[in-house]
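> Here's the letter readout for the chains.
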Amino acid sequence: MNKQSSFIRKVVYAGILICLLIALAVLGLPATYSNPRGGTYSLARMKVDNQLAQSNLGEIDPASETMKLATLGLRGVAVNLLWNKADEYKKKEDWTNLTATLEQLARLQPNFITFWKYQSWNVSYNVSVQFDDYRDRYYYVREGIEFLKQGVAKNKENREIPQLLWDLGWFIGQKIGRADEYVQYRELFKNDDEFHGDDVPAGADERDNWLVSKMEYLNAISAVRDRKKSIGKKSEKIFYSSPAKSQMSYAEAIEEEGQFAKGQAAWRVAADEWSDFGDLEIEHSTGRMLRLGHEEEVAERVEQLEDQLADLSPGLREKLVEEKREALPEEQQAALAKSMEERNAEEVQLAYQAEQAIEVNDKEFVDRLAKEKPELRKEAGILARQLVEERTNLIYTRRYKSDANYDYWALRAEFEQTDTAVEARRKMFEAKQAFADRQAPELAKQLYEEGFDKWREVLETYPDLLDPDGVTGDDILVFVVDYRKVLDSLGEEIPDDFVLWDVIENFDAEGEFEEELRHRMETMGTSTADEASASEEAAEEQPAEESAAEESSDEQPAEPEETPAEAEEQPSEPEQPAPEENPKAPSDEESADPETSA
Amino acid sequence: MADNVVVETRALSKVYRDFWGRQKVRALKALDLEIYRGEVFGLLGPNGSGKTTTIKLLLGLLFPTDGEALVLGKPATDVEKNERIGYLPEESYLYRFLNAEETLDFYGRLFDIPPEVRRERIDKLIKQVKLDAARKRQLREYSKGMTRRIGLAQALINEPDLILLDEPTSGLDPIGTREMKDWILELRDQGKTVVMCSHLLADVQDVCDRIAILHQGELKELGRVEDLLKVEDVTQVSARGLSAECQNEIRDVIARHNGELLSMDNPTTTLEELFLSIVRDSEARPGRRVVREEEATPPENSGESTEPPSTAS
Amino acid sequence: MIQEEPLLPFKTWLLEWDADRWGAFWHFLLVMVVLAMLSLVIGLIIGTILHGPVKAGERAYRVVANAFRELFHISPRRIWAIARVAMQEALRRRVLVAVAVFVLLLLFAGWFLKTDREPAKLYFSFVLTATSFLGLFIALLLSVFSLPNDFKTKTIYTVVTKPVRAGDIILGRILGFTLVGSLLLLVMGGASYLFVSRALTHTHTVAAQKELPERTSRSDGHSHKLEVRDDGQIIAMYEHGHEHSVEKRGDRYMVSPPEGMIRARVPLYGELKFLNRQGVEVEKGVSVGKEWGYRSFIEGGTQAAAVWTFDGINEDTLIDEGEDGRYLPIEIVVRVFRTWKADINTPVQGIIQLKRPGSDLKTEPEFFFADDNTIDLKYFPESLTDTNNQPVDLLEDLVSEDGQLEVVVQCLDRAQYFGFARGDCYIHLRDASPFWNFVKAYISIWVQMVVVIAIAVTGSTVLSGPIAMLFTVSFILLGFQRDFLMGVATDKVEGGGPIEALVRIPTHMNLISDFKDQHFGIKLMRLVDDGLQALMQVLASVLPDFGNLSTADYVAYGFDIPWNQVLQQLFLGGAYVIGLAIVGYFLLRNREVAK
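Protein chains in written order, with the numbering used here: chain A, 1 to 598; chain B, 1 to 313; chain C, 1 to 595.
Treat the hints with care, since some could be wrong.
Pairs of lysine to aspartate or glutamate, DMTMM-like flavour, derived with a Cα cap of 25 angstroms [unchecked claim]:
hint : chain 1 : residue 1 : chain 2 : residue 2
1    : C       : K341      : A       : E510
2    : C       : K152      : B       : D18
3    : C       : K154      : B       : D18
4    : B       : K220      : B       : D32
5    : C       : K11       : C       : D483
6    : C       : K152      : B       : E90
7    : A       : K92       : C       : E271
If you only want the chain B side, here are some residues facing chain C, beta carbon under 10 angstroms, derived [claimed, not checked]:
hint : residue
8    : Y16
9    : L61
10   : G151
Not close to chain C: a few residues of chain A, all C-beta gaps over 10 angstroms, as computed [what the hints assert, rightly or not]:
hint : residue
11   : L328
12   : Q353
13   : E430
14   : E449
15   : D453
For the record, the hints were derived by calculation from the structure and aren't laboratory data.
It should be emphasised that the depicted structure is a prediction, and the values quoted were computed from it without experimental measurement.
Just so it is clear, CB atoms sit at the ideal spot from N, CA and C, and this is done for glycine as well.
Model the full assembly from the supplied sequences, consistent with the hints where possible.
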């Protein structure tokens, strides 16, 4: 009987073994040539799907593998030590050893994205500035870029590759194109045979740093769109607008260097790309999909819905407003009754409160409607919900647009294509050349004045260009500064009939023209006072008008009468005329976007 | 301490403690022992009785928990006494990557023996222990017997006065055992003191003058071998050339004196003797032996002198 | 060359003491005495617990008396015998593997090393680091398993039962392993030098055309600008740490191998002081906010200046430039800091003058453009003019009677700064042999190795093999981090003592912020930390400063290692060997050999 139980036991064990073996075989099916993703349930497939396999992620480097093995399981410790050493070397300004240590680290943790981001930034931005000679600085900026390229090569299939690609675009674009020594950097970059290799021949346009940057941005977008990689925490509006922005920077840069024909063409391309960007569906942080270029449509829809809603019961809204008004306390009513100019300070305050109080929002409207006409309740409810939806979309769209400064750039791309603008810029360029290179101040002055006339034309056609969030005002001011230099050399001053006084007044952030302005105020004397009052009335119109920017009046016209009352916040700062006259610094394309800082 | 006392222990105890200081094993309990110059002293006992511990304590390899051990007048832990002693360990505790010459040379240097003297002694010793053929071979290639021999050689490199042997004959074949016993006796004849511990009773009986028997760390018996083993009331007579009548007469004499005749027959030689003689002959004349009777030579019985015949056990 | 701590003259280092530091000799003595006292006290306490006070005292006396007696019986012959066996043991083991690994490393070094703007620095750094790591590691492996192995296989029995003193065993082993290690270092050193020479050798081609081309071909990641000197010599300009000379042979140009890549400058350093903006003497200049306080800065366009005082200027310090006469070869490294970019095409300007100490006699200011962070040659001829345009002689007028001379450097551009440290200006006396410099660097590695062996052997007297290895490795690692350890122990490093750090880590507190409420637990923690920090201080003062023992920087930067430094290191190594041997002796002597 013992023998039998022993035999049964053996059979049972064998059975368990076989089951386990089968399971193992299924799980362990390797990826073969004909079946590159492994069996259906295999670990190999999971590896591929979750992108855990080294070989899936990018290049495999035998030196890297060797080094990792050589750490005998203490890779984490070794990496820790090496990071510490790298910090030490940076502190002690030992650049040779720093780069050597980074190379070692690159071998030990090639798939750790943050490492590449951090250290390439470190080299390009922190190490490069330690050098006095700009050539040395460029060398290290390029080292950082090369380092980042290495990281990209090793992580092609990594889920987070778009971040590295975008950073690559940023470095090549921003660091080279917007540095203080950008003229020299761009030059060095164009002549950098080592960097471009044989693919891009010397002298080709493709060597321009902005175009290379644009290419990298496009790679990043393609990685997200086509290969389903993750955009990470990057802001979509920044991410997707980057190529177009690079294109614009390119156009700007080559026009600055005097290539106007190319520049004009480039602006055309830029305009197209910008409107393409406007057509893109961008995910808002709440998950909604927005299209920045389609604000009008959304606004139209809102209007439509409002009308529809109002049509359900015409006049109801006004009735509600009246009811509320009557319910107001005495003084507020009285204050409200007066016209704006007649109110004293207290009354202004009261009137404001009153206006807030008598606002009728949709909910109240719908409730009232439902009470009065219950059969329309359902329809009203639907409309109200849609209205809320669209209003929110509108607000978000507007916000995002203002974050990306969408309108300004669209306008900019548009106006830069015009011949007038090109002429204006050409005049500026020639004037500068005349003054700096050829020492012909008279000629320079003449050219400047011709150019400024052209500028005036442009500004007339596109008044929105003087939006304080845009850079055109600052750009023009730079020209004016140069113009003043020319005048100084001739012993003259800015004439009173200078066509761009308004620009000076509104964009003189550094106070360089204080004296001139003061002088002008005195001479103008009463005429400015007249202008001030005239501007006050104009201020009640769309404050985005250029004239509102003229005199910085202390009185803020009350806004709430513009837009239908909403419980949500008012559309924010950009609609206020700029008492704070600091236009954003010209080096920021994306104004005030915290997500772009690294 | 008297001049001829080579080793003296007074209440020597050893307790093995574990890491935390608790007692684990009482290996030796208050041993009192004296060993005199020029004798062969045997420490007997079953496994775990404390004989190896005693040897190690005498050598200074262990420190006593209580009591003291004096070797050649100095405390056992004193390194200076090592000049005059030699130690043959049970296993080969020698560097296996050295050959015989290098080993002896190394230990010779440790005694600060000048080079010429060293060379001389090395030669002598190697020949003495019959390792001439293998003097250039590394120790890792030696057989057990050869290892024991080289061990003995290193124990004698400094011509010591006191030699300590730990299980000298264990694991050896009869020839090796015989050789070892001969060497021990030779050493005794040279005036050296030999202390050996063993559990092979026969070997101890053959060579030792005095023995101590240990059991569970305590001394159970101490004294001269002859005295201990002498059976008081039995007389043994070995005689040659006795005719049958003579034998009968002797029988009568004994009966007359009221003695008890225990046995009268031909004594047996030892198996060891037989074995050795066969091996000796075999080496002298290789080839199969034919018939034993013709060539059987009775062993040399030279009366009461050197080799006491074994009493059948 | 970066010299964070100035090299003290030998006698000062050894014997003198002041508030900050003890002379090395006294330090050693102090440590030994304290250690002896401590072990005595601890031994007595343990002995009293186990055996009662009388016996403990007896035992302690015996141990000490024995030690003194046996000291006189240490025999060189025995030591040599043990050393020989140790060597034989080592050679039969892993040593050759080390050489194989090293050679492999060198062969594949190209994978790890990128061509760089300073290749000599990189290669020397690499080779010396690799050697020292491998050398130390092998020495460690060999020595740490030897004694424990003897104990395990009981071969120690046959040794200890001979009249061998414990001191013989310790010293013999240290000697044996040192010899093997030295052999290893020799082989590695030879291979390294060959490797570096070969790796740095390269050449360029110059296009064969009538007119001299602008640049050479690209090779090793760089190319040189070509220039013709006044004497007709063609030079491939200094780039990536070296230059070439070019010879025109018929139609073709032959480019020489790199020159000046490997060198060993012998510098004469001076004392540095600063003048602030008002011209008042101060000890340190201005800080521009760098984390590393090695250099301090002077402001441009003011009276701020950096003044070096050199001693011992005489005929010998001048060098001969042939027909040009004799020069005082001053070399200076300037670190430029701009507060605004100004014209980026123009370097910042400065002036350099020679001054007689104690008087106002100065030479006419020599203008120079600062070449950031590179060595600039400022050679002053013998005959100069002073600020009043009168001729002065360098040796007679500017150098004071006791052979002192001052070098004054100022920055000219307003709002720009020059940064200096003591080692940034020196007189380039001559060039020593780079090969011997390399050898001296190897002596430093040798000293490190000896210390490691001593630690390993001492540790292995009572510990088993792997534990002894851990012990030694910890010793070494802590030695490398000695400064940090001292910093934590003396509260110079932020973040409190060990326990506090242990609390901060999981609670994600940063180093600088303090705990919110200072309740009792915090106080207790701080108290315990104080105790631990005292222990750490004791430990840190005993640890070998491995960082200091490395002279790889000298070779990498191309400076001669002064014999003073080598001597100091040898003494340091010797001190460790002696101290550890004594400790090892006591440990070995008083342990039970048998189990």
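> Evaluate each hint against the coordinates.
Hint check results:
At most 25 angstroms may separate the alpha-carbon atoms for a hinted pair to count; K341/C and E510/A meet this at roughly 18 angstroms. Distance check on the hinted pair: K152/C and D18/B sit about 18 angstroms apart at the alpha-carbon level, within 25 angstroms; holds. Proximity of K154/C to D18/B is assessed by CA-CA distance (about 20 angstroms); at most 25 angstroms being required, the pair is judged to hold. Under the criterion of a C-alpha separation no larger than 25 angstroms, the hint pairing K220/B with D32/B is consistent with the structure, at around 11 angstroms.
A C-alpha spacing of about 24 angstroms is found between K11/C and D483/C, which places the hinted pair at or below 25 angstroms, so the restraint holds. Note on K152/C and E90/B: the hinted pairing holds, with a Cα-Cα distance of about 15 angstroms set against a maximum of 25 angstroms. Distance check on the hinted pair: K92/A and E271/C sit about 22 angstroms apart at the alpha-carbon level, within 25 angstroms; holds. Given hint, Y16/B at the interface with chain C, holds; its Cβ is 9 angstroms from that chain's nearest Cβ, closer than 10 angstroms.
Using the Cβ-Cβ criterion of 10 angstroms, the hint placing L61/B at the interface with chain C is satisfied: the shortest such distance is roughly 4 angstroms. Of the supplied interface hints, the one on G151/B holds, with its beta-carbon coming within about 8 angstroms of a beta-carbon of chain C, less than 10 angstroms. L328/A, annotated as away from the interface, keeps every beta carbon of chain C farther than 10 angstroms; the closest lies near 51 angstroms. Residue placement check: Q353/A keeps its beta carbon more than 10 angstroms from all beta carbons of chain C (closest about 43 angstroms).
Residue placement check: E430/A keeps its beta carbon more than 10 angstroms from all beta carbons of chain C (closest about 24 angstroms). For E449/A, the condition that its CB be more than 10 angstroms from all CB atoms of chain C holds, with the nearest at approximately 29 angstroms. Every beta carbon of chain C lies more than 10 angstroms from that of D453/A, the smallest distance being close to 33 angstroms; the non-interface claim holds.
Of the numbered hints stated above, none is contradicted by the structure.
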